[in-house]
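Q: Chains as they are written, first to last, in our numbering: chain A, 1427 to 1697; chain B, 464 to 1131; chain C, 54 to 430.
Hint data in this document are derived by calculation from the structure and do not stem from the laboratory. Glycine is no exception: its CB is placed at the ideal position from the N, C-alpha and C atoms. Treat the hints with caution; some may be incorrect.
Stated by the list, open to error - Capping the alpha-carbon separation at 25 Å, the derived lysine-lysine pairs in BS3-like fashion look like this:
1. B:K636 - A:K1587
2. B:K668 - C:K311
3. B:K661 - C:K159
4. B:K636 - A:K1431
5. B:K642 - A:K1431
6. B:K1036 - B:K843
7. C:K129 - B:K642
8. A:K1431 - B:K661
9. B:K668 - A:K1587
10. B:K743 - A:K1587
11. B:K661 - C:K183
12. C:K129 - B:K743
13. C:K129 - B:K661
14. A:K1431 - B:K668
Claimed, not checked - Part of the chain C face toward chain B, derived, beta carbon under 7 Å:
15. F68
16. P127
17. H128
18. T134
19. F142
20. G154
21. I157
22. A158
23. G309
24. F319
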Amino acid sequence: MNRTKAFTIPYVVWMAIFVVAPIIMVVIYAFSGADGGFTLANFASMGDYTVVFVRSFRLAIIATVICLVIGYPVAYLLSREGARFQRLATVLIMLPMWMNFLLRTYAWMAILENNGLINQFLGLFGLGPFQMIDTQGAVVLGMVYNYLPFMILPIYSVIIKLDHSLVEAAHDLGANSVVTFLRVILPLSLPGVLSGITMVFVPSVSTFAISTMLGGGTEFLLGDLIEQQFLGGAYNPQLGAAIALVMMVIVVLCMWVMNRFGEGEEQAVVL
Amino acid sequence: MKKNSALSRAFTFLVFLFLYAPIILLIIFSFNQNNSNVVWGGFSLNWYRELFHNRIIMRSLYTTLLVSLLATVIATIAGTFAAIGFYGLRRRTRNVLNTVNNIPMMNADIVTGVAMCLFFVAFFAGWKDFALWFNSVQTLFELPTRLTLGFPTLLIAHITFNIPYVLLSVSPKLRQLDKNMIDAALDLGCTWFQAFWKVILPQIKPGIVSGALTAFTMSIDDFIISYFTAGSSSSTLSMTIYGMTKKRVSPEINAISTLLFVTVLLLLAIINIREARQEKLALRQQAAPASLPAAAGNPGRRKPRAPSWLAKAAAGIACTGVLATAAVGAFQNTRQPVVNVCSWGEYIDEDLITQFEEETGILVNYQTVESNEALYSLLKVGAGDYDVIVPSDYMISQLIEEGMLEKLDYDQIPNFSLIGEQFRNLPYDPTNEYTVPYTWGTVGIIYNTTMVEEPITSWGAMFDDKYAGEVLMFRNSRDAMATALLYLGYDLNTTDEAQLREAAGLIADAKSRGVYQAFVMDEIFLKMEGGNAAIGAYYAGDYLTAVENNPDLAFVIPEEGSNWFVDAMCVLKDAPHYNEAMAWINFIASTEANLRNMDFIWYASPNKEALEQYPAYYEALYEEELDQETYDIIAAPQEVLDRCQSYVVLPKETRRLYNELWIKLGIQ
Amino acid sequence: MSKELIRLSDCVVRFDDEIILDHLNLYINDKEFLTLLGPSGCGKTTTLRIIGGFLTPTSGDVFFDGQRCTDVPPHKRRVNTVFQRYALFTHLNIFENVAFGLRIAKTPEDEIARRVEEALELVNLPGYGKRRVESLSGGQQQRVAIARAIVNRPQVLLLDEPLAALDLKLRKDMQVELKRIQREVGITFVYVTHDQEEALTMSDTVVVMDKGNIQQIGTPEDIYNEPKNAFVADFIGESNIIDGIMLEDKVVKMYGKKFPCLDGGFAQGEPVDVVIRPEDIDIVPVDQGQITGTVTEVTFKGMHYDIIVDFQGFKWLIQTTDYSPEGARIGVKIDPDGIHIMRKSRYSGMFGDYSSYSEAYDELNVDADAVTEGSDE
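In isolation and in its complexed conformation, chain A is listed as follows (with noise of 0.2 Å):
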């Protein structure tokens, strides 16, 4: 297979171009000024913006732990089903990324209007009208809505691969189900619990355009604070460049955090 090692040079080429060097441009542009040169000035300024770090994390970490409560068990229960019912829910789990996510969360915004379905159903009963939208709870929602999916099928990839004949044994070692499912299936599936909150926690913490549908402009969070540096209209690419690495470097600790439990895991494959 010696003649195979070449095959990765194209490869190695372009990740070096087209990752690493990039990367490498966010640093440098964090680290410097409007002028060019070394500053840590942008550094110094990003105490401004705790409020928004503390949101974006806070807001970031309640979508991680709903889609954990609700995808987990979706993934338990799928693994459990018949094998065709299987293949159609992850299937339709899929699917839904192909409606353009942009469009699912401005379906969200008809939903949860004042106006909205929601409203005027409950309207009939003479209840309400609750203010939905414009919310940090709509945010939340809007972020489980999306990410949603990517909890529940590395969980469930997981889950599918266990060999039955463990909670079998667990069976026969005297546990019953809750024991088995807390001792054996539960600890076992861990690194598709790990690998479902990073592909969750990631994108929630960094999100920019649900914030702006669902939260009314009022919930910035990190993920708005950046575009605005760069496309948005306070242009200032570096400190855009330093927000970005500061939340990097803050997702990369937590996930190296949390990896540290499921050491020795190999990540779960990913969809």
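Fit chains B and C to the given chain A structure using the hints.
A: Leaving out everything else, chains B and C in the frame of chain A:
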């Protein structure tokens, strides 16, 4: 295995309902008679018909499909070869490369997007120096000096984030591959290449196919990375939709999405049925008695195989991709004259574009951008590959100040003579060398008469607890600050820091008291038309569009006065299609074009003939009289204009202060 | 025997610092059934891969029919291989699997059809062409793998533990089958196995290997009856190996007693290894025995009993049809032709004591073999 209880099935069902509710809604409303996403107006196929005439959507669909297909094909080939290469590597090297491979997947999209954007911009800058030097030392080739974000960068970005998915789905298949199989092929007389082609490739095909499908799905669904790398000359469907979500999403988008969705649904349904049928067939084959006593088989080794037609579909996709590239290449070789125009959303009667193309043979790339500030950022980043832009007054003076505009050749724009005197030599371009006005209008308050007790007359309504939770404020600093400055009785263009801080404090205070439902730009259409908010500050022309969908809306220019603005056409420095740009500007400045635009977008025309003729034009077109009130809102009469003031560009320090105040406001 | 076909000359294979083959010299005759036998890691599969062309030796040369072919790639050698786990192409049906080599060689279509069917008939699978690989049992897949190799009419067929994945009964059937096939096609078979019984049953020549060296080459009878050292004696069948001293030709001293034997040619007083096969020992009453010991363990084996007897702290395995209860004192008698004398070697003292005898020993050996030989990384 125990089956799930009815209760847990119900739970699963609810989750699926949650996933599909918005989609079902979108599909239903794609058949809606009217253009609302909330109110059902009866069944119709109008939007599907309209779809094919909407050039922006069709163009972005084309871009999306092209970039997705090309990126998928290239990434699949590259990823497969990389995976095979990885397979032969030592473990340590492989681990390092795997980590790098995971970066685009694990990194936040926005970081990837921003990083690539910065990289490209830096590269373009370096390229410019190189090209200038290269052109100066030799005369054989002339290298283009001005590169911008566009289709190539978009494609590169998509390939880059697709490769990891392909690699990730091919690698396990390679690991499962019995190495002896390769030896067996060599042993049976294959050269290494034949073994690769006849054994390795068919064996890892399921991985390749699923990798390609994942990559394609990711490409189609991607928005954030495209947004930062496509510039705005090649919008993907996502970007077009993003532009629209700020206003009213045109139901044609519902229609195109429904079509895409249903296509995929059918495709997957067919795959599923075929797979099930094949499985049945295989079972039957196995059940057939063998002529030899069948020893215990090895059921664990049975792997589900991807149906061969799926592979054919993948091959088909590949071919289409290649053909499409060829087509694009050929298309670009025709050297049809082109002009790139950037304007605001729903700011032109699109028939005018077609007419211009037919008359002159010049192809128009028409793109839109959200706000003056966003336009400025795009230009600074080098993302905008435009010839003609249509910024507002204060932004024009800023662009002139920074030397980003080219002087116009008025000899080529005879229609400039039709522009009213009061719209020439305005403060933003005192000697009128750079601009031809496009529209003008006023800012005021839109309110819902059923939701307020008395008519709104003052900017005070924007800060009044009485309407807490019902008020929509501008999501751009200049306009939002203006409402507060006007209410406080200060000058719109004040540079006094204390006054500005006071104004910002007023907004911040109202925000903390919960007066604002949201900070919006074009989302105001949706909210006001749907009766979701009572009061919102916005532009006069847009009020007239909104009132068509909700007759309860009213508009007022408050007694404290307001801003009146002019949007004007300018040409960017070093515009590659200068003469075509002149032709376009002249065409748009004509009386006929102005009439059509005025009728379409409800913004007033600076063309004196058009302004005079519009009521008659309206009557001829709709066979009813244009009422004076409406006309006055479109084209504010002089006594209203006297109360209004236009923006001028603010000094740098003030702009910085604006920025600071604005960001403080956002993150409060 | 007929003429020489393959010669490995002074072959060394080294991965990193590990020596896999240590200056190996081996020749293989035409139409011969030669078996490379040895425990895991002995270098037998490596030897096979050198012959197949999948591996180039670090140093040394390979000759095929007198021509040097050390660097010739596999597809240019008139050698085909049957792989341990068959390595059938799961994306092709049985017919296409067998036809694979012929197609690569651009054989005409009608000839392919004929030869594939012939090959399938040879392995007793006529009419299986349309089937998918997964629908066949392990034994059937094995036959397909043989057919796929043989259809190309190679001069040499290499078989890498082809029966390892089959169960015992099937393995026995296939041994007979393989021998039949070899006779019918009349080509050289080079067969790799760790199973001594397989080797003895099928081979014309057995090559016993260990640690990258050839320990002994010979006919199955030679190997069994005249093992060259303790390793071979132990690896082939069961052996009690006792330290002895050669007093003179045909007399060896063990346990301080003289035993008559048939071997000679040793120096007087030379320490030697004495091999006594368990079935060559007769149990006699204590007073008639050449030596006496205590029975410590008895296992019923169907046709005979395995009994372990303690002779002054050294435990022997004796296979006998006579039952002796545990704890009984017995005498044993060994005929001179039951005693085989070997020179001392690096293996002396490592084998032949049944103090830790366990049935599991063989099984462990098998597993370890499959694992290490399977991966060549």
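Q: Return the numbers of the hints above that this structure violates; sort them in rising order.
A: 2, 12, 15, 23, 24
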